[in-house]
Every structure is written in C-alpha cells, then in structure tokens.
Amino acid sequence: MDMRSHLGRARGPGSTDNGVEHWISERFSAIALAPLSLWFIYSALGFAGADYATFQAWQSQPGNVILMILFLLAMFQHGQLGLTVVFEDYIQPVWLKNISVAIVKYTALLFCVACIFSVLRVAFTA
Amino acid sequence: MVQFTLPAGSSPVKGNDHKNETGASNLRKFHVYRYDPDVGGNPQIDTFELDLDTCGPMVLDAMIKIKDEIDATLTFRRSCREGVCGSCSFNIDGVNTLACTKPIAEIKGDVKIYPLPHMPVIKDLVCDLNQPYAQYAAVEPWIKADTPPPNRERLQSPEERAKLDGLWECILCFCCQTSCPSYWWNGDRFYGSAVLLQADRWVQDSRDEAKGERLSELNDSYKLFRCHTIMNCTAACPKSLNPGQSVAHLKAEIAKRE
Numbered sequence: 000m001d002m003r004s005h006l007g008r009a010r011g012p013g014s015t016d017n018g019v020e021h022w023i024s025e026r027f028s029a030i031a032l033a034p035l036s037l038w039f040i041y042s043a044l045g046f047a048g049a050d051y052a053t054f055q056a057w058q059s060q061p062g063n064v065i066l067m068i069l070f071l072l073a074m075f076q077h078g079q080l081g082l083t084v085v086f087e088d089y090i091q092p093v094w095l096k097n098i099s100v101a102i103v104k105y106t107a108l109l110f111c112v113a114c115i116f117s118v119l120r121v122a123f124t125a
Numbered sequence: 000m001v002q003f004t005l006p007a008g009s010s011p012v013k014g015n016d017h018k019n020e021t022g023a024s025n026l027r028k029f030h031v032y033r034y035d036p037d038v039g040g041n042p043q044i045d046t047f048e049l050d051l052d053t054c055g056p057m058v059l060d061a062m063i064k065i066k067d068e069i070d071a072t073l074t075f076r077r078s079c080r081e082g083v084c085g086s087c088s089f090n091i092d093g094v095n096t097l098a099c100t101k102p103i104a105e106i107k108g109d110v111k112i113y114p115l116p117h118m119p120v121i122k123d124l125v126c127d128l129n130q131p132y133a134q135y136a137a138v139e140p141w142i143k144a145d146t147p148p149p150n151r152e153r154l155q156s157p158e159e160r161a162k163l164d165g166l167w168e169c170i171l172c173f174c175c176q177t178s179c180p181s182y183w184w185n186g187d188r189f190y191g192s193a194v195l196l197q198a199d200r201w202v203q204d205s206r207d208e209a210k211g212e213r214l215s216e217l218n219d220s221y222k223l224f225r226c227h228t229i230m231n232c233t234a235a236c237p238k239s240l241n242p243g244q245s246v247a248h249l250k251a252e253i254a255k256r257e
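Protein chains in written order, with numbering that gives the first Met the number 0: chain A, 0 to 125; chain B, 0 to 257.
These are calculated hints, taken from the structure and not from any lab test.
Just so you know, even glycine gets a beta-carbon here, dropped at the ideal spot from N, CA and C.
Be aware that a few hints might be false.
What the hints assert, rightly or not - Residues from chain B that face chain A, not an exhaustive set, calculated with beta carbons under 10 Å:
#1 S181
#2 W201
#3 L223
#4 H227
To be verified - Only pairs whose alpha carbons sit at most 20 Å apart, straight line, appear in this in silico EDC-like list of lysine to aspartate or glutamate:
#5 B:K255 with A:E25
#6 B:K255 with A:D16
#7 A:K96 with B:D187
#8 A:K104 with A:E87
Kindly generate the complete structure, drawing on both the sequences and the hints.
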C-alpha cells in the first residue's frame, strides 16, 4: 500500500538527468537517416538483376563502404532508441521493462556489428 | 502492462432514461456518465431529454437544467460559467473541453458527457485531480530569486513580459493533460502538458533566477521526455493555448545546455 503524499509521489526519486541525451540522439540519427536511406534505396534499386560480382565491385569502393557503415550505425541506433521508448511506455513492471530494454539494446548491437563485419568482409575479399 | 481495456466493474451500462413528455418539439438527448461510490457496481449512462427552447445555449446550461429540474443527484464541478475557473472540464462529444464554453449547437446528434479520461472517478463527472495538482506543486510554480526584492515590483521589459503571453492564461482545467495517451500510460511519472506549460511559464519568466535548477529537474526521461509530440494537448485546449509548444521549448532549452 502506497501511503506517500501526492507530492511525494509526484517528486519521486528526482530527475534521472539523462532525458535529453536520448532525445538528441533520436533526432541526430533521424537526420542522418534521411539522406542515407535515400542513398541506400537508390543504390539497392540499381542492383535489380545484377550478379554478385557487380555488387561486390560496388561494395568495395571506399565511399560506398563508409556510407553503408554509417547507414547501418544510424539505422540500428535509431531503431533501438525507438523500440526502447515503446517498451518504456507500455511495460509497467520495472524488472521486465529493464530486461526488455537491455535485450533490445544488445540485440541491436549484435546485429549492427554483424552487419558491419559483413560489409567489411565483402569489401576486403574482392 | 498498460491496461488497454477498462478494469472489471468500470464498463458503463445503460442507465435511466428520462423522457421529456411536455410535448416540446426542440428536443435533444444528453447521455451522461453516472457513478455513485455509495451504491457501487458499474457506472451507467443516463439519458436526459431536454427542451432546448427552455435551456441556455451551452452544455453547462443543460447540465444545470438537468440538476435543477430532473435529477438533483447529478454531481459535477462548475463555478464561473465563463471559461475562467477551469472547473467544468469534461469529455463532451468525445473531446475534452469546458462545458461552459461549449455550445450545444456545435454538437451533432446526441450529446455525450463523460468525466475526463483515464482519471479516477469520485462521483459521476467529478474525477480525482490530486495527481496533476501534486505534479503542479512539484514544479514549484512561484518566482524563485535570491536577489533581494526591490522596494517596488521586480522590473521586466515589454519584450520579456510578452514571452509570458500564451502561458499565463492557462486555467488548469487539465483538458490537455487528460487527453494525452502518454499521460494515460505513465501519468504517475510524466508530468503532463498542463503542468509542463506551467513549468515553461516560470522558465521563461525573466524575473525568475532558478531556470537552471528548474531545467535540471525536468531533464528526466519520464517527467518531460515522455511527451511524444502527439499534440492532443494543443488540439484539446479550450483556451486555444499551445502546451505542445511549451514542451518543445523546454526540451530545446535543456538541449541548448548540452
């Protein structure tokens, strides 16, 4: 039973001092994704019907490697930030919320590293 | 988990039907949410048929007519009847607004009057506002200054004073606050739009000396940043204020410090 005053509950444990980092990171990754997504979609459409060798030659060019890695970083960063908010919004038990958020963040990290590794492997085994 | 459905015993059932048998021609039906904690059970929707030719133009006029002439047990808050006190905020025709400034003529078909959404109901249309009031107190809505007060008032330029326009007019009716899904899901930690507009009113006040302290307190992933720019707050405000802009301003002020 919660016998705290309404004011005590409203103040809670105080500020977490970190709300703005998430907010800024969400916006920066969104701004980065706008041109990078267009570049990715434009490039991907260009490979319709192409063979693997064509793609590998394209993916070995330094500019494309850099842009692809930036695209992956921005995409996974933005995705995990957004999913974190969804879980924080809708899951009330603190332990379940924290576990869910941790799973989202580490899964995003795992897939991001795996994707970057794949990009580098394709680029340097040409 | 978030409750997407009403808890047991909260779904409204059909209630009493008060027909108008005076032979009047200009009739309108009012469906009103009723809940009596002394009786218990599910809340019910009572229907009142009113003759608009003998009723004032606003929804509050109709509610007072119901209370005076049909059912004196109907319970609701009201005071100024001119959109200044913020007491008669209800969910009318699916939108949070003030009954005293909402013309019946603006509503098509039957008029539905419910309490503010997602707040605990005390009786009928009276909901428990202790939580938003406490959140309002938590932002310390008063001037904080260490500089000793001058012999006369603390001065402010016309430009500095102009920044408070659109903020000081808030009457704390909580129409905006209770229209926000983020406040429905996390109202225990998210301060809500009305309270954040009030916080912004003091952050923007040139006479206040605690801006940094206020912003630090709001730099919290729930208190301020649980706002997802849904903008129901601005759409609902019966005073045509823009709480969404205040929240955006607070976020930008905190971001500028980084």
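Consistency of the hints with the structure:
no., hint, result
1, S181, "7 Å, holds"
2, W201, "16 Å, violated"
3, L223, "6 Å, holds"
4, H227, "7 Å, holds"
5, B:K255 with A:E25, "16 Å, holds"
6, B:K255 with A:D16, "14 Å, holds"
7, A:K96 with B:D187, "16 Å, holds"
8, A:K104 with A:E87, "13 Å, holds"
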